[in-house]
Structures are given as structure tokens and as C-alpha cells.
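*Asks:* Listed here are the chains, written in short residue letters.
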Amino acid sequence: MKSGRFWAWVVFILGAAYLFIPLIATVEFSMRMRRGAYSFDAYQIVLGDSQFQATFMYSVIAAIFTIILGVLVVVPTAYWIRLRLPQLRPIVEFITLLPLVIPAIVIVFGYIRMYGSNSPLPFLSNNTATNALLVIGYATLALPYMYRAVDTGLRTIDVRTLTEAAQILGAGWSTIITRVILPNVLIAVLSGAFLTFAIVIGEFTMASLLNRPAFGPYLQNIGANRAYEPAALAIIAFAITWGCMSLIQILSRFAPRSANRPN
Amino acid sequence: MAEPFLSIQHVRKSFGATTVVQDFNLDVEPGEFVSFLGPSGCGKTTVLRMVAGFEEPSAGKIIVAGKDITRLKPNQRNVGMVFQAYALFPNLTVAQNIAFGLKVAGMPKADTDRRVAEMLDIIKLPQMGDRYPYQLSGGQQQRIALARAIAPKPKLLLLDEPLSALDAKVRVSLREEIRSIQKKLGITTIFVTHDQEEALSISDRIAVMYGGKAEQVGTPFEIYNRPATKFVANFVGTLNVLEGTVTDAASGKVRVNSQEVALKGKLNGSKTGDMLSLALRPEAISLGRQPGRDSSLSGEIAEVHFLGSVIRVRVGIGGSTVSLDTFNSPATPPPAVGEKAEISFSSGDMLVLH
Chain L
1 MKSGRFWAWV VFILGAAYLF IPLIATVEFS MRMRRGAYSF DAYQIVLGDS
51 QFQATFMYSV IAAIFTIILG VLVVVPTAYW IRLRLPQLRP IVEFITLLPL
101 VIPAIVIVFG YIRMYGSNSP LPFLSNNTAT NALLVIGYAT LALPYMYRAV
151 DTGLRTIDVR TLTEAAQILG AGWSTIITRV ILPNVLIAVL SGAFLTFAIV
201 IGEFTMASLL NRPAFGPYLQ NIGANRAYEP AALAIIAFAI TWGCMSLIQI
251 LSRFAPRSAN RPN
Chain W
264 MAEPFLSIQH VRKSFGATTV VQDFNLDVEP GEFVSFLGPS GCGKTTVLRM
314 VAGFEEPSAG KIIVAGKDIT RLKPNQRNVG MVFQAYALFP NLTVAQNIAF
364 GLKVAGMPKA DTDRRVAEML DIIKLPQMGD RYPYQLSGGQ QQRIALARAI
414 APKPKLLLLD EPLSALDAKV RVSLREEIRS IQKKLGITTI FVTHDQEEAL
464 SISDRIAVMY GGKAEQVGTP FEIYNRPATK FVANFVGTLN VLEGTVTDAA
514 SGKVRVNSQE VALKGKLNGS KTGDMLSLAL RPEAISLGRQ PGRDSSLSGE
564 IAEVHFLGSV IRVRVGIGGS TVSLDTFNSP ATPPPAVGEK AEISFSSGDM
614 LVLH
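Protein chains in written order, with this note's numbering: chain L, 1 to 263; chain W, 264 to 617.
By construction, these hints were calculated from the structure, which means they are not laboratory data. Fair warning: there could be bad hints in the mix.
Unchecked claim - Selected chain W positions facing chain L (in silico; Cβ < 8 Å):
#1 Q285
#2 A315
#3 G343
#4 F346
#5 A348
#6 F363
#7 V367
#8 A368
#9 P371
#10 G481
#11 F484
#12 Y487
#13 T508
#14 V509
Since the model is a prediction, treat every value here as computed from it, not as a measurement. Ideal Cβ placement from N, Cα and C applies to all residues, glycine included.
Using the sequences provided together with the hints, build the complete structure.
*Replies:* Structure, rendered in C-alpha cells:
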């Protein structure tokens with residue numbers, strides 16, 4: 001028993017070292033911009049860069065629209081599959097997994113060929129339409145995470161009986177989804193939303209090939225041309241991702257307990 | 264005769280090649296409490312779900328208060344329903360759950376609050392408005408579900424095995440509460456159950472269902488004492504079935520395990536030599552010869568079960584065993600296994616099953 005505990009600690013320490021040593025090294029490197037002293041100069045330069053602020057805000061807004069689009073598409077779809085078309089579930093699951101298999105570069109080249117200025121849907125003809133296409137592309141990339149999160153949330157409630165209970169009380173479909181289903185899968189939707197946020201903030205391929213001023217291409221550009229700033233940016237991006245994950249935990253703790261503990 | 268409030272006419276329901284309800288007919292009077300009683304898979308819940316609008320009949324009509332509702336959606340029917348699994352909305356408090364149907368109907372807030380308070384009083388949970396469903400016991404949750412169903416004043420109340428998930432004691436108290444609320448509000452109610460005791464104790468009438476059809480519709484007294492079919496006789500209550508042969512059709516004599524009993528006027532056209540199934544309720548049988556009992560059979564005590572106020576005795580008669588109940592009396596010891604015994608009964612209580 002005692003030796004089992006010992007080895008458990010060894011594995012834990014090795015795992016923690018594997019994760020934290022590169023992180024600590026990056027933090028240490030990012031603070032060596034000033035010769036002979038540790039400083040936050042690299043962070044000051046990055047955070048003070050107008051490009052950083054502009055690209056970060058662009059990606060945040062794109063992430064918000066991606067989350068809205070994802071929720072509007074995924075929640076009704078996952079709900080309907082559970083309620084009325086359970087036989088289609090394997091097919092839908094397969095479709096939602098495709099973005100993990102098909103590289104983003106293939107998808108974006110497809111977009112460029114499909115939605116050029118000669119296309120009946122000329123998404124690439126102006127900036128607003130290209131931004132919309134980027135959001136659609138992001139929603140596609142986030143689909144596997146959003147769908148799984150929502151589907152797992154739906155699994156914790158008796159979708160059919162709750163729907164019937166609401167129907168017999170006079171509710172229509174929009175009332176059922178907004179007042180019964182969505183509030184009960186809110187934590188799952190939030191999990192999917194934060195995963196989407198983390199994906200969108202760091203995404204490079206689509207934004208770069210669609211020539212959008214997003215945070216991903218900015219990260220790449222800084223990384224290719226500077227020494228200490230990329231390390232500071234990596235730590236900032238890491239902090240944003242961890243912040244998102246922490247928010248999932250915090251929100252699930254502060255959400256109404258009833259939504260976490262269905263009948 | 265007055266128009267029935269609910270009329271289910273020649274309703275049939277098929278799922279693919281399987282017909283689960285066939286030619287079901289039932290008229291329910293206003294304010295009546297009718298139970299659908301039957302084993303699993305007999306179609307009782309399917310009929311209820313067709314009345315609710317969750318399933319569409321393959322044929323037939325459902326009429327409520329003179330209006331054909333067969334093709335209406337569930338949210339257009341003004342029907343209340345209580346589900347076996349409570350189905351309270353977990354994200355809403357008790358008060359919000361009860362108010363759900365009222366809000367959907369667009370009732371002003373002040374009226375909604377008043378109605379919710381009234382409902383909480385009716386179900387005797389006036390302090391529970393702010394609780395969430397997970398903070399309540401099963402019995403309390405089902406009472407809230409009942410309050411939520413009746414709050415919008417539906418024309419018809421449907422109860423789909425509402426007591427099945429509860430423990431025995433809560434079931435008894437809640438079924439009495441349901442019946443008392445139903446009587447107080449005068450709401451026409453359909454109650455689905457597979458528990459005969461529940462159906463017998465609270466219904467005005469019972470529809471005993473089997474194989475997608477109503478085998479018999481009648482009052483609990485009729486269903487229990489005058490079962491129309493062998494299935495109803497076997498399904499409702501405990502029944503002793505003895506096989507017999509008609510020895511003299513004219514005088515109504517039947518031989519049961521080499522003993523003869525007289526069943527005057529009960530043989531319904533059976534001929535001498537015909538085999539019959541004869542049924543007796545345990546409470547119609549006495550141990551020993553009793554005054555007023557015109558028939559008797561001899562046998563041997565096979566089992567004795569002490570159940571507190573009642574002693575259940577099983578008497579072996581030839582190849583058959585007959586159960587009977589006697590009241591426990593501290594002055595009289597229960598019979599011993601292996602003792603010779605005679606059972607007596609009135610031939611009028613014996614049912615001839617077809």
C-alpha cells in the first residue's frame with residue numbers, strides 16, 4: 001500500500017514537472033528583456049501595442065459571435081436529435097467530429113473557392129461578409145466541442161418528459177427551448193462556449209488565409225520577428241485559456257444548484 | 264342521456280405493423296374519475312397519451328366537451344397531466360413550476376401569484392414555494408406536479424401512474440389526497456395504473472385493459488364481483504380457480520376433484536360432461552362449515568401465513584390449492600399444516616369463467 005502511494009507521488013511529480021518546467025522557463029525567459037535584471041518590459045510592450053489590443057478585441061468579438069452561432073445551431077439540433085430522431089445520433093456525431101479530421105486549411109481553401117467574388121454567395125467580396133465567413137468557419141472548428149458539451153448536458157435531464165410537461169401546460173417550441181431546455185443545460189452550454197472562446201482566440205489558419213486582423217496571425221507575426229515578446233504573449237494566451245477554464249468552474253459553482261442536480 | 268364529457272370513439276393505434284390499441288371506446292361523464300387498469304404493455308398509457316395529444320390515433324376520434332380534439336397539438340388541448348417521473352422543471356422553484364402554465368397562458372402576475380398560493384394551500388405545502396424540486400421528497404414533488412397540472416384549470420386531468428415511483432405509505436396517503444382534490448374541484452380525471460388496489464380504492468369506474476382493448480368497464484364493485492372475462496377475474500383481486508366437470512347440467516351439478524357442488528342457474532348453457540373453470544374469491548370461503556353456506560369441499564391444510572390481523576390459509580383440494588383469509592383471534596389458534604379441513608362457500612359466490 002505504502003509503495004503504491006510512493007509511486008503515485010512519483011508519477012504526479014513527473015507529470016507536474018513535464019507541464020510546469022517549460023512554462024516556468026517561458027516565464028523566466030519572457031522577463032529577461034532588460035539586461036542583467038528581471039522585468040515585465042516584454043509584457044508592457046505587448047500590452048501597450050495597439051496591434052495587440054486591436055487584434056485581441058477583434059478575436060474576442062469574433063468569439064462572441066461564434067458562440068452565439070454555435071448555441072443557435074447546436075442546442076436545437078442536439079435537442080431535436082435526442083427528442084425525435086435518436087436514430088440519427090451516430091450520423092450527427094460523425095458529422096460533428098469531421099472538423100477534427102479535416103484540417104482547417106482544407107476548409108478555408110474550400111471557402112475561398114466556393115465564396116469568391118464570382119460566387120452566388122460572395123462572402124469574400126467585402127470585409128463584413130468575410131468576417132461573417134470567418135465566424136462560420138470558427139463555429140465549424142468549435143462544433144465537436146460545443147456539440148459534445150451540449151449533448152452531455154442534455155443527457156443529464158429527461159428531455160422527453162420535460163418537453164411533454166411543458167407542452168401540456170401550453171408551451172410552444174420557443175418557450176420550451178428558452179425556458180425549460182436551455183436553462184437546464186446552461187452549464188454545458190457555458191463549457192462549450194469557453195472552449196469555443198479558447199479555440200477562436202488562438203486560431204491562425206482561417207484568419208490568416210481570409211486575411212482578417214485576428215489575434216492568431218498577430219501572435220505568429222510577433223513570434224517570427226521578436227525575441228522576448230513571443231514568450232510574454234505565450235504566457236498571456238496561456239493565462240487567457242486558463243482564465244476561461246476557471247470561469248467554467250466558477251460559473252458552474254455559482255449557477256442555480258437545481259440546474260446541476262436534475263431529478 | 265347527457266352528452267359524455269370525454270368520448271373516446273373507436274380509437275386504434277399502430278406502431279408499424281404492431282397494433283397496441285384496437286377499437287377502444289369509452290365515454291366519461293363530467294367530474295368522473297376513471298382508471299385504466301391493466302398489465303404492462305396493455306395499451307393504457309398509449310390511450311392516455313392519445314388523449315393528451317402526444318400520440319396521434321391511427322383511427323378513431325377523441326371528443327372533449329363536444330369538440331373533436333383528435334388532431335389538436337398537446338398545447339392546444341387545455342388538458343392537465345401528471346407524469347410518473349414528476350417532470351418538475353429542475354431550474355424553477357416550486358412556485359415558478361406551478362406558475363409555468365399560467366405564465367404561458369398570459370395571466371397577469373398578481374393573479375398568477377394568487378393562484379399559486381391557492382394551489383400550494385390545496386396540496387398542503389404552503390411554505391414550499393421557494394424550494395427547488397431537488398429539495399423535496401418524491402411525495403412532495405408529485406403533489407407539486409399535481410398543483411402545476413391543475414393550476415391552469417384544465418378541462419381534463421390525466422394521471423400517468425403518478426404513484427408508481429413512491430413508497431407504499433406515501434402512495435396510500437397521496438392517492439387519497441388526489442381523490443379528495445379531484446372531488447373538491449370536480450375535474451374529470453383519467454388515472455392510469457397497474458395497481459388494482461389503487462384503481463379499486465379511488466375510481467368511480469375502471470376500464471380493465473388487456474391486449475390493447477378494454478376487457479370490461481364498470482364500477483370497482485362490478486369489476487371485482489362480476490368480472491366479465493377470465494382475464495378480468497384473474498387480474499383483479501386474488502382468485503382461486505378450480506377445474507370442474509358438469510355431471511348434471513339440468514340440476515347444475517359440477518364435480519370438483521371427485522366432490523360434487525351444486526351451481527344452480529350458473530352454468531349458462533353448459534352441457535353434461537363439459538369442463539369448466541370455477542373461481543372463488545378468498546373472502547367468499549370459510550374454514551369449516553358455516554351457516555348460510557350451501558356448498559363445501561374437503562381437503563388438507565397446506566400452508567398457513569400469519570399476516571397480523573389476517574391469517575391466510577391454503578387448503579389442498581385434490582390437485583388444486585385454495586386460498587382463504589380468516590381474521591386473527593387471540594382466543595383461537597391458527598390451523599396446523601397437515602390437518603384435515605373443510606371449506607364452505609355459497610354457490611352464488613362461485614364464478615364460472617368463460
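*Asks:* For this structure, which hints from the list above don't hold up?
*Replies:* 1, 9, 10, 11, 12, 13 and 14
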